[in-house]
Amino acid sequence: MKARARPGRNARGAARFAPGDAVRVAGRDALGHCRTPWYLRGKIGIIASVHGSFRDPESLAYHKPGLPAHVLYKVRFKQSAIWGAYKGPDSDQLEADIFEHWLELLDRANRE
Amino acid sequence: MREPKRKTLKRKGTGGRAAHDVGGLAFGRIDREEHDLALWEKRTDAMLRLLVTPGKRAFTVDGLRRVIEDYGQQEYDRTTYYEKWIRAVRNLVVEQEIVTRSEVEARMEEIGARYAKAGRRAPKGKIPW
Amino acid sequence: MHNDHDHGHPHGKDHDSGPVGAYEMLEEAVRTLLIERGVLTAQEIAASVDLMDSRSPALGAKVVARAWADPAFKKLLLADTRAALMRMGIDIGPAPEFATVENTARVHNVIVCTLCSCYPKMLLGIPPAWYKSLAYRSRTVADPRGVLAEFGVEIPSSVEVRVHDSTADLRYVVLPMRPKGTRGWSQDQLAAIVTRDCMIGTARCRVQ
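Residue numbers (the numbering used here), protein chains in the order written: chain A, 1 to 112; chain B, 1 to 129; chain C, 1 to 208.
Simulated from the structure, these hints should not be mistaken for laboratory data. Treat the hints with caution; some may be incorrect.
To be verified - Within a straight-line C-alpha distance of at most 27 Å, the following computed DSS-like cross-link-like pairs (lysine-lysine) qualify:
hint: 1; chain 1: C; residue 1: K121; chain 2: B; residue 2: K56
hint: 2; chain 1: B; residue 1: K126; chain 2: A; residue 2: K64
hint: 3; chain 1: C; residue 1: K132; chain 2: C; residue 2: K62
hint: 4; chain 1: C; residue 1: K62; chain 2: B; residue 2: K126
hint: 5; chain 1: A; residue 1: K43; chain 2: C; residue 2: K132
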């Protein structure tokens with residue numbers, strides 16, 4: 001039931017963000033099933049990589065086809081940016097796979 | 001081996017956070033005891049894997065997760081992993097009209113009666129829908 | 001319909017006597033109804049149980065050992081895990097996708113699924129109960145070093161601890177660092193020191 005485009009292939013042209021872009025996770029409430037965790041809402045990270053297009057799980061969960069497919073990104077966050085009192089070193093990071101419709105662009109990466 | 005009775009933990013000050021969305025909360029020490037799976041648990045795993053394949057078109061793993069997420073917090077905390085999933089499979093095959101609710105309940109009665117006849121105690125209460 | 005014990009499948013829990021659980025009964029109810037409806041057959045359920053029984057950390061350990069011994073294979077594993085596994089005859093099925101993250105002298109990776117318990121089952125088999133626990137799922141993202149300490153692992157502060165929350169249709173496997181003192185080892189010898197927890201990130205491989 002879950003069909004997806006080849007990783008990166010359809011997405012490269014269609015993806016709004018690229019590796020290195022600074023993004024913020026939307027702060028809105030979810031409507032039903034959602035795979036953007038609460039602890040990341042409103043947090044700022046950077047795009048680590050582009051996974052390609054996937055059907056929308058928020059819609060698939062209710063027996064709908066989940067189309068159009070949305071681009072999925074690996075987003076990297078500094079732990080110190082997520083947690084107010086993170087106990088570890090400032091270099092510690094966290095990555096999560098977040099859909100494009102949950103991300104807002106903050107700043108384009110500098111590209112050569 | 002019986003699973004230990006699980007506590008539920010009231011999640012204070014969590015705002016709009018759903019019960020399953022636990023990243024960042026502090027649920028205490030990690031119990032690292034390993035358990036073998038019972039056959040019914042392995043079969044649950046097998047059925048859900050089969051039912052989400054494109055050929056079966058029953059439902060998606062997203063649907064299973066959604067049903068589990070809709071359990072109340074207490075129910076979520078108190079049930080084990082496979083208890084959650086077999087209940088979700090039950091609910092989804094009924095939601096998708098593959099079987100009816102009364103068929104499931106009737107079959108549960110038959111199975112209970114068979115166990116009782118064999119001298120084995122079956123639980124009185126129903127698993128909530 | 002009689003609940004076959006299906007002695008081909010090793011499993012825990014004696015269910016020939018004593019009280020029967022409601023959920024065990026529910027599994028029988030659902031399974032027998034689905035078989036009667038022609039949605040599933042007993043044979044394909046049994047085959048699927050067998051399939052998952054055949055996937056285990058030992059399989060993952062072989063993959064890690066090969067990656068340590070064969071730089072070209074390692075490169076493929078990191079770039080396209082599905083293709084690398086296929087090359088070893090391991091078919092992970094149509095979905096979900098797999099990805100491998102490499103531990104280095106600078107980064108130590110740890111895998112978790114805070115929202116449910118996503119895990120690379122088609123390579124490593126069924127996850128341990130602790131991986132699915134609320135304690136692991138809740139604490140690993142916020143205090144990974146505290147969780148690692150509980151597992152007896154201490155990562156120097158000069159090394160980044162990087163947590164991967166499996167929130168979508170990718171399953172992550174850690175390629176652990178090859179420990180010192182293994183030069184010249186065969187792949188069998190290497191595989192023998194790769195444990196399940198090394199591939200989740202809650203252990204480091206050690207020469208035993």
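Against the structure, test the hints numbered earlier, and report the numbers of the ones violated in rising order. Violated hints: 2 and 4; rest satisfied.
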